[in-house]
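There are 2 protein chains.
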Amino acid sequence: MTPPLEFYFDFSSPYGYIAANRIDAIAARHDRGVSWRPYLFGATFKLTGGQPLVAYPMKGQYSIHDFARSAREHGIPFSMPAIHPLATQTAARAFYWLDAQDSGLARDFAKSVYSAYFVDGLDITDPAVLTTLAGSLHIDGARLLAAANDDVWKQKLRAVTDDAIGVRGVFGSPFVFVDGEPFWGADRLDMIDRWLSRGGW
Amino acid sequence: MTPPLEFYFDFSSPYGYIAANRIDAIAARHDRGVSWRPYLFGATFKLTGGQPLVAYPMKGQYSIHDFARSAREHGIPFSMPAIHPLATQTAARAFYWLDAQDSGLARDFAKSVYSAYFVDGLDITDPAVLTTLAGSLHIDGARLLAAANDDVWKQKLRAVTDDAIGVRGVFGSPFVFVDGEPFWGADRLDMIDRWLSRGGW
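Top line first, the protein sequences correspond to chains A and B.
Numbering-wise, the first sequence is residues 1169 to 1369 according to our numbering.
Numbering-wise, the second sequence is residues 1169 to 1369 according to our numbering.
This is chain A alone, in the form it adopts within the complex:
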């Protein structure tokens, strides 16, 4: 078994959303799976001296234009949410609770969180929104919220985030490892595809 691609993302990241819509198909073309790993991207800002893209003068405006253009190229629905960025720890903890039971279901949940935010403009920090999303996947919403407030899953998310940033050098979203090779950004997905075709270069 070749190891899966490791896909780090934050639920508040527009480029993470675009990558979430494309990465499984790219990996599948090369008989590879994908390990989905939401983490708390905001924690990197302190370390890198960065801030959310949309907060930069000039770059912010360009980015909002580019999010929509990048999505449109691939036929991915996208609408810039009114509230952006937002805190994503509840959704991410719920993801890991699901992931420990059923990674496919966790991925479906992640996709539905992303769509809720970047297509329907819903507030994914709102517990009621998350329970509705859970319900449509036949997940018990009350249990999901309880898990998201449970120390076990708080610690899990913290451990993933600390490892990503402190050990693996992850600083953006999406951030993908292919056999240890790091790729930052949705604009690297085509490069990942070529990297997998050529076996690197």
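In case anyone wonders, no lab produced these hints; they're calculated from the structure.
Please note that the accuracy of each hint is not assured.
To spell it out: a stretch of chain A is covered by chain B in this simulated footprint if at least three of its residues, at any positions, have a beta carbon under 8 Å from a beta carbon of chain B; those stretches are [what the hints assert, rightly or not]: (1) 1225 to 1231; (2) 1340 to 1353; (3) 1356 to 1365.
With a straight-line Cα cutoff of 25 Å, these simulated SDA-like cross-link-like pairs (lysine to any residue) come out [stated by the list, open to error]: (4) A:K1214 with B:K1214; (5) B:K1279 with B:M1359; (6) B:K1214 with A:G1210; (7) B:K1214 with A:A1211; (8) A:K1214 with B:Q1219; (9) A:K1322 with A:Q1257.
Derived DEER-like restraints, expressed as beta-carbon distance ranges [claimed, not checked]: (10) B:G1334 with A:A1211: 33 to 41 Å; (11) A:P1171 with B:G1303: 50 to 58 Å; (12) A:D1347 with B:G1228: 21 to 29 Å; (13) A:P1171 with B:P1245: 28 to 36 Å; (14) A:H1306 with B:D1347: 47 to 55 Å; (15) B:L1273 with A:G1228: 35 to 43 Å; (16) A:V1287 with B:G1303: 53 to 61 Å; (17) A:A1250 with B:L1305: 52 to 60 Å; (18) A:H1198 with B:R1311: 54 to 62 Å; (19) A:A1255 with B:D1358: 29 to 37 Å; (20) B:D1358 with A:G1228: 20 to 28 Å.
The beta-carbon is built from N, C-alpha and C at its ideal position, and this holds for glycine as well.
Starting from the known structure of chain A, fit chain B onto it as the hints suggest.
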């Protein structure tokens, strides 16, 4: 005549160097020319709150890895210069002096400046380096240096830079306009190619 692509870059920018090696061929595939426009990228840092990529923790290390990988993919020679970034106004002013006489020769000079810095590791702030580069293109090095210190070309570079940043919203290198559509980054060159093929989307 369809208007040329407008290619903004800074001589100190590794991704600008990669774009300089690819953009003419991409444009030519679509029967388009390219207007080369060196500008002073550093002036955008104050406005965007940014800094040179290599100065960021984590992102800096990744970027140095990615410069080489991005160049290697396209068979472009690349060696990270020991002194980086550096000030590029002398080379840029000399470019515009040449450009007013012969845009093809100015482009050849730009390519030789980029190669001197990113292949041979030469200090392109050094007048002796620039006169040697000029000489190999049969350009009078003494006249080139005199032009680079002449107020006319100082003002020209300032005007290009002010217009790029203040009017057109340019904030990075490379930064390309295709019929007014902005594309930031060497990783957008393939998107530019597809954009030209599809006539936008």
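Against the structure, the hints come out as follows:
Under the rule that three or more residues need a Cβ within less than 8 Å of chain B, the assignment of the segment 1225 to 1231 of chain A holds, with 5 such residues. Remark: the segment 1340 to 1353 of chain A is confirmed as covered by chain B, as 4 of its residues place a Cβ nearer than 8 Å to a Cβ of that chain, reaching the required three. With 4 residues having a Cβ less than 8 Å from any Cβ of chain B, the segment 1356 to 1365 of chain A passes the three-residue criterion, so the hint holds. For a cut-off of 25 Å, the pair hint linking K1214 (chain A) to K1214 (chain B) stands: about 19 Å separates their Cα positions.
Taken as a hint, the K1279 (chain B) and M1359 (chain B) pair is honoured in the structure, with Cα atoms around 23 Å apart against an allowance of 25 Å. At roughly 23 Å between alpha-carbon atoms, K1214 (chain B) and G1210 (chain A) fall within 25 Å of each other, so this suggested pair holds. A distance of roughly 24 Å separates the Cα atoms of K1214 (chain B) and A1211 (chain A); the hinted pair therefore holds under the 25 Å criterion. The straight-line distance between the Cα atoms of K1214 (chain A) and Q1219 (chain B) is roughly 15 Å, inside the 25 Å bound, and the hint therefore holds.
A hinted pair counts as satisfied when its Cα atoms are at most 25 Å apart, and K1322 (chain A) with Q1257 (chain A) qualifies at roughly 8 Å. In this structure, G1334 (chain B) and A1211 (chain A) meet the distance hint of 33 to 41 Å, their C-beta atoms being roughly 35 Å apart. Taking 50 to 58 Å as the suggested C-beta distance range, the pair P1171 (chain A) and G1303 (chain B) conforms, at roughly 54 Å. D1347 (chain A) and G1228 (chain B) have their C-beta atoms about 23 Å apart, which keeps the hinted 21 to 29 Å range intact.
At about 33 Å, the CB distance of P1171 (chain A) to P1245 (chain B) agrees with the hint of 28 to 36 Å. Taking the beta carbon of each, H1306 (chain A) and D1347 (chain B) are about 49 Å apart, inside 47 to 55 Å as hinted. Here the CB-CB span from L1273 (chain B) to G1228 (chain A) is close to 38 Å, well matched to the stated 35 to 43 Å. Between V1287 (chain A) and G1303 (chain B) the beta carbon distance is about 59 Å. The supplied range of 53 to 61 Å therefore holds.
Checked against the hint of 52 to 60 Å, the C-beta distance between A1250 (chain A) and L1305 (chain B) comes to roughly 54 Å, which is consistent with it. Remark: the range hint 54 to 62 Å for H1198 (chain A) to R1311 (chain B) is upheld by a beta-carbon distance near 55 Å. A C-beta distance of roughly 34 Å is found between A1255 (chain A) and D1358 (chain B), which places it inside the suggested range of 29 to 37 Å. Take D1358 (chain B) and G1228 (chain A): their Cβ atoms lie about 24 Å apart, and the range 20 to 28 Å holds.
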